[in-house]
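First to last, the protein sequences are chains A and B.
To convert, note that position 58 of the first sequence is 58 in my numbering; the numbers rise steadily by one, no gaps.
Numbers in my numbering are just positions in the second sequence, counted from 1, shifted up by 85.
In case anyone wonders, no lab produced these hints; they're calculated from the structure.
There could be a bad hint or two in this list.
Stated by the list, open to error - In silico BS3-like links for lysine-lysine, alpha-carbon gap of 27 Å or less: (1) B:K525 x B:K143; (2) A:K54 x B:K592; (3) B:K626 x B:K143; (4) B:K493 x A:K54; (5) B:K259 x B:K144; (6) B:K626 x B:K419; (7) B:K587 x B:K419; (8) B:K419 x B:K493; (9) B:K647 x B:K726; (10) A:K54 x B:K760; (11) A:K54 x B:K587; (12) B:K419 x B:K564.
What the hints assert, rightly or not - Just some of the chain A residues that point at chain B, by a computed CB distance under 8 Å: (13) T27; (14) Q34; (15) T55.
Unchecked claim - Chain B regions said to be covered by chain A (calculated; three or more residues, Cβ under 8 Å): (16) 165-173; (17) 353-363; (18) 756-770.
We treat Cβ as the ideally placed atom computed from N, Cα and C, and that holds for glycine.
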Amino acid sequence: MSRPPFNARMPLCQLAAGATARICEITGDESFVQRLREMGFGEAALVTKISGSKTSLCHVNGTRLALNHDAAMSVLVELLPLGAR
Amino acid sequence: MKLPPHISLPEKKRVAGPERSPVYAMVGNPNCGKTTLFNALTGLRQKVGNYPGVTIEKKIGEAYSQHGRPMKVIDLPGAYSLAARSPDEAVLRDVLLGRRADTPQPDRIICVVDSSNLERNLYLVHQILDLGRPVIVVLNMMDVATTAGHLIDPKKLEESLGVTVIPCEAVHHKGLVELRLAMSRADLPLARHRWDVPAPIAPAVADLQASLVQYDTRSPLVARAEALLLLTDFDSVRVAGSTPLSSRTIEILASWRKRWEGEGTDWSATLIRSRYEAINRLCADVIRRTREQGPSVSDRIDAVLVHSIFGWLFFGAVMAALFFSIFTLAEYPKNWIDDHMTALGGWVQGSMAVGDLRDLLTHGVIDGVKGIVVFLPQILILFFFVGLLESTGYMARAAFLMDRPMSKVGLHGKSFIPLLGSYACAIPGIMATRTIENAKDRLVTILVAPLMSCSARLPVYLLMIATLLPSTTVATTTKVGLMLLMYAIGTLGAFGFAWLFKRTLFKSAPPLMIMELPPYQRPRLPEITRQMIERAWLFLKNAGTIILGISILLWFFSTYPKHPDPSATPDAQIAYSLAGRAGKILEPVIKPLGFDWRIGVGLVTSFYAREVFVSSMAVIFGVESKDDNTAAIRDALRSAKWPDGAVLFTPLVCFTLMVYYVFAMQCMSTVAVVKRETNSWRWPLFQIAYMTGTAWVVCFVIYQTGRALGF
Ligand SMILES: Nc1nc2c(ncn2[C@@H]2O[C@H](COP(=O)(O)OP(=O)(O)O)[C@@H](O)[C@H]2O)c(=O)[nH]1
Chain A
1 MSRPPFNARM PLCQLAAGAT ARICEITGDE SFVQRLREMG FGEAALVTKI SGSKTSLCHV
61 NGTRLALNHD AAMSVLVELL PLGAR
Chain B
86 MKLPPHISLP EKKRVAGPER SPVYAMVGNP NCGKTTLFNA LTGLRQKVGN YPGVTIEKKI
146 GEAYSQHGRP MKVIDLPGAY SLAARSPDEA VLRDVLLGRR ADTPQPDRII CVVDSSNLER
206 NLYLVHQILD LGRPVIVVLN MMDVATTAGH LIDPKKLEES LGVTVIPCEA VHHKGLVELR
266 LAMSRADLPL ARHRWDVPAP IAPAVADLQA SLVQYDTRSP LVARAEALLL LTDFDSVRVA
326 GSTPLSSRTI EILASWRKRW EGEGTDWSAT LIRSRYEAIN RLCADVIRRT REQGPSVSDR
386 IDAVLVHSIF GWLFFGAVMA ALFFSIFTLA EYPKNWIDDH MTALGGWVQG SMAVGDLRDL
446 LTHGVIDGVK GIVVFLPQIL ILFFFVGLLE STGYMARAAF LMDRPMSKVG LHGKSFIPLL
506 GSYACAIPGI MATRTIENAK DRLVTILVAP LMSCSARLPV YLLMIATLLP STTVATTTKV
566 GLMLLMYAIG TLGAFGFAWL FKRTLFKSAP PLMIMELPPY QRPRLPEITR QMIERAWLFL
626 KNAGTIILGI SILLWFFSTY PKHPDPSATP DAQIAYSLAG RAGKILEPVI KPLGFDWRIG
686 VGLVTSFYAR EVFVSSMAVI FGVESKDDNT AAIRDALRSA KWPDGAVLFT PLVCFTLMVY
746 YVFAMQCMST VAVVKRETNS WRWPLFQIAY MTGTAWVVCF VIYQTGRALG F
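Using the sequences and the hints, build the whole thing.
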């Protein structure tokens, strides 16, 4: 798979609605991070943002998950190059 | 029960000790259809209780094997992982690990899985297979998976895991026979599944396992699973009623944790990743996706219902419909009940001889109970709405929308679900806080939930509005407006106190929320109806027993001792009675709010439950009223006077009294639930103090300002 030299990382809350990205890093409260991972919201998972700027609604692994603003800030994603999916 | 010999004999050999049927535990993620399956499997043979120490529902049902032998099934709370983050999940974990003395450790486990979301659901299954017990995996919602284009091969899953796998559609009762058959088997296979615990963790697992076997009397297999769990869970959420770990094990756990923190490695992340890797390999084998996933029906509905404009419009419409039906639709059944109870009172009055017994029946019993039963329709409507919002999946969307406003007071969207539910009743509302992971956020939500105007306040509001506004000349909109004002005051109060508590007593980092939005479902009317009937029954039972008892007692206390002068006015009689004397002691405290001792008696009796205020007023003012007919309480209240002849229930007093009921903590059941839920007397007592204190202060300000302005 060819990738552009680098991908911009951004917090999940800044991802545009409709865009799909790969989760690269989750920071913050340990037990919360663990719960995210256990729900399939872990590193390397693909996430599609459905809507929301303050509270984010996303699709991961076939489920709709809502994250509040602070939670979405702690998830860093990198945008997938178009057509990589 | 007599069994065919070829079945019972080999079984006897296998089961040590007296022959007993196996105990099954049912586990699964939230919304996987576990409740539906449990109901289908056990029918109505269920017992609902509580786990002592925590208000978490404990449901035990009975299913019958193919040979008609009863088998116990325990329905455990839904959870995403055995590594507990909330009390609900801690109960699940502790029952499965045999840490609870009040519940038998299940012999076998039924894992219910949502097939349309297999990866995520298999995470819990993966943890459970480690327990080394016979497991049946139920692939529920096969229809949903097929529609979404996932073809799942149960046989392949069975081969890879080594346990019995049964495809099923719980709502359509498909696969139940196969499940029963599997449950009846004496020899369920054990999991063959193996996954490699990441090598660097292995020493820690071995260490903890040894300690669990030695100091916590676990069997080696359970100890291994528990050791793995401890390394992600760190025993951080404990619940009352579970046996705690031995101090030795806790020490070992802490030392490993410290060592890892020093090294800067994150082993819990590694563990989770390695489980997911194993699951992904498995799924690649088992699932064939027939097409690329497009937006589902739920996605398309969500595009509107969580939209930043249309979503709010819809939400507003739902709330408007809710209040509209409480205030207008409920009028018809209410009048019907009122008429019939009044007719009954009239009949008793006419057919009995004058005397204390007749007074007791008409004023004590019938008036007291009628005052309460007429509110049944409104309460049913409230529960119908809340049930509708929950069963369609809209509740989670409302929570999503409310997340932003809630964040302003330091809570997140999930806290909104208990608050909305508290419009019906604070008790289910408070129980719904169990899904809030953060302990401080949960406590704040519990503390403010009773400020949301519950259905028990409706009787008080309605009586006061009726007394305040003459029914003929004032438009209904004014009454509805006044009522909405009370709801608004309560709601604002709840948010205000949440804000205050989060800034003072319960300072914590901004809350983090992750919440699953389940697919939309058609409302399950039978389920909603069942809940409504349950609630109605509870309410009527209360009205027929305790509230009736309070009414009779109150009648007694306000009738005796008899005034020495038999020709004393009823006013003088009640003032002379025990209730009157008690009320007078209280009067100095509430006089600044414009309340006299008779209202004081009502405040005291309605500490049991708010609606008792109405029946108490009926008894007190009924005893007093001169005409012998069961006159409407309202008219009796309107004609009540202070000793100096001033009207008691002035509009200002009626309004103040309503506000008093908005804030004051007047509900024994809530106190009891808060005590159980927080496991201490501290918080319920604090709650009584702050709510009733606020009520007094606010009422004082309103009444004194009102007086100063000449009302
Ligand atoms: N289509 C479909 N829906 C199901 C099936 N099983 C359960 N449901 C629905 O899924 C929803 C959640 O079920 P419930 O039993 O409350 O889930 P729980 O949270 O796991 O107890 C309900 O609306 C059920 O009617 C199934 O096999 N197929």
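Does the nearest C-beta of chain B fall within a distance shorter than 8 Å of the C-beta of A:Q34? holds, 5 Å
CA of B:K647 to CA of B:K726, is that 27 Å or under? holds, 22 Å
Given A:T27 as an interface hint, is its Cβ closer than 8 Å to any Cβ of chain B? violated, 11 Å
With a cut-off of 8 Å between beta carbons, are at least three residues of the region 756-770 of chain B near chain A? violated (count 0)
Between the alpha carbons of B:K587 and B:K419, is the straight-line distance 27 Å or under? violated, 41 Å
Check whether the Cα positions of B:K626 and B:K143 lie no farther apart than 27 Å. holds, 23 Å
Compare the distance between the alpha carbons of A:K54 and B:K592 with 27 Å, and conclude whether the hinted pair is satisfied. At roughly 22 Å apart (the allowed maximum being 27 Å), B:K592 and A:K54 satisfy the hint.
Holds or violated: A:K54 to B:K760, with C-alpha atoms at most 27 Å apart: Given that 27 Å is the threshold and the Cα spacing comes to 35 Å, the pair is violated.
Assess, step by step, whether the Cα of B:K419 is no farther than 27 Å from the Cα of B:K564, and give holds or violated. Roughly 16 Å between the alpha carbons, so the hint for B:K419 and B:K564 holds.
Between B:K419 and B:K493, is the straight-line Cα distance small enough, at 27 Å or below? violated, 40 Å
Given pair status - B:K587, A:K54, alpha carbons within 27 Å: Since the Cα atoms of A:K54 and B:K587 sit roughly 20 Å apart, the hinted pair holds (cutoff 27 Å).
Verify the coverage statement for the region 353-363 of chain B against chain A, using a C-beta to C-beta distance below 8 Å and requiring 3 or more qualifying residues. holds (count 5)
Hint violations for this structure: numbers 7, 8, 10, 13 and 18, all remaining hints satisfied.
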